[in-house]
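Undergrad: Here the protein sequences come in this chain order: A and B. Heads up, the first sequence is in our numbering, so the first residue is 305 and it goes up one at a time. Heads up, the second sequence is in our numbering, so the first residue is 41 and it goes up one at a time.
None of these hints come from the bench; they were simulated from the model. This one's a predicted model, so the numbers in the text were calculated from it and none came from an experiment. Ideal Cβ positions, reconstructed from N, Cα and C, are used throughout, including at glycine. Incorrect hints may appear among the rest.
[Said to hold, decoys possible] Selected chain B positions facing chain A (Cβ under 8 Å, derived; list incomplete):
1. Gly76
2. Met80
3. Ser97
4. Asn150
5. Ala220
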Amino acid sequence: MADTVSKVDIECTVNGKLSRFQAYPMARLLDVWREGLKLTGTKEGCGEGECGACAVLMNGAIVNSCLIPAIEADGADFRTIEGIASGAQLHAVQEAFLECGGAQCGICTPGMVIAAVALIERHPHPGDAEIREGLAGNLCRCTGYQKIFAAVVRACESTGRNPPENR
Amino acid sequence: MRAYIPGYDLRVPGSLTEALGLLAGEPGIWQPFAGGTDLMVLLEAGKLSHKRFLSLSKLADLRGIEVTTDAVILGAMTTYTEIQQHRVLQTEFPLLCAAARETGSIATQNRGTLGGNIANASPAADSPPALLVYDAEIELISARDVHWLPYREFHTGYKKMQLAPAELLRAIRLPRRVKAWKQYYRKVGTRKAQAISKVCFAGAAQMQASKVRDIRIALGSIAPIVLRAVKTEDVLRGAKLSPKIIATAKETLAREISPIDDIRSTARYRLRVTQNLLEEFLSQLRR
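So here's chain A without its partners, still in its complex pose (with noise of 0.2 Å):
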């Protein structure tokens, strides 16, 4: 009876760490993280692609971890929200939505943050049209958006690499 498939081996890279895990094939990349290797910092909004709150890197390009079928995982290289942070040293995006009150019942900041290294690795000197361009994907429901912008533009003069001339 094929009625259900087995796990699959599946190898990838996981915040600079090598991971190894069995997931069904069309198991979304999302519960993996969640549920398999315990880095809930991804959330679940939607579900459906739209709120960006399970942002994720993949190969150095934001994706929503719940549109990727584990087995597309496989030799791929991630970065979650846990692998922001080089240790106690917060990322200057996250320094900024900590200064900004960026984050206010704090499920969309995953994505928010990722989609702000996103950009900023993106384009290092980001118009406030693109700040608005790269963070259209995600959504947040206590609608502080406001508070989110100023963070990636703090954020993004805080590392120098945008003068106020360039904006």
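For chain A, the structure is supplied; the task is to place chain B on it using the hints.
TA: Chain B only, in chain A's frame:
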């Protein structure tokens, strides 16, 4: 209700030969899985009825953008992000770049593919109107055969297409003949970002003095399939863009489309907006 995940299979063939072999061996059993940005949504909603899928992610033959003297050929697994970043597409095929930029979020654009957008066959897809305007052709490949098909013949009805169970969409070919044409793309949705279109309009025209030498108009979300507005094009081809001819074109367009009321909009709104977009496109041609 969520799907029962162990009930779904997803194989990842490493070569095109292996993929086509699987499709030929059990036609209809294996369904292609491209970027997954639609299928994974259906899965989570418990609405994915098909159970066995073939991931195209490792097929190098379906990737890359090739530029020749007379065409640009995009592998079916080209992502929306790759489309936006490509120099020749930016300068000669701006409608496709605009469609890619307006599809979902950046996270979706990093995963979603042009081939997936075509074969998913949604009448509300963003890139097909651009492809129709560009007279795109698509390459269909199976273990036994390879052939090219004009894209405008591909969709035959709602979610129906000329794709055999053992076939894969390998590539999309855009003839390099519209560089000097005036081009227009506009997607109307509920919001600026992350919206599915209520109406999607793509147009291109070749002007000669104040006359329309040639014109192509394609629309999404206003019929069971994306379509070329051929009768409206006929009205405009060779004409001078007077207020009278524009009015005639708008009336013709109304008879050529069949918008419906649904979750995203109403037939009345769609008709009015489609006519307004035509007028905006034509008024830009007069400048």
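Undergrad: Please go over all the hints and tell whether each is borne out by the structure.
TA: Status of the hints after comparison with the structure:
Among the interface hints, the one on Gly76(B) holds; its C-beta lies about 6 Å from the nearest C-beta in chain A, closer than the 8 Å criterion. Given the 8 Å rule on beta carbons, the hint for Met80(B) holds: about 4 Å separates it from the nearest Cβ of chain A. Here the hint on Ser97(B) is kept, as its CB sits about 5 Å from the closest CB of chain A, short of 8 Å. For Asn150(B), the interface hint holds, since its Cβ comes within 8 Å of a Cβ in chain A; the closest pair sits about 4 Å apart.
The closest approach between the C-beta of Ala220(B) and any C-beta of chain A is roughly 29 Å, which is over the 8 Å cut-off, so the hint fails.
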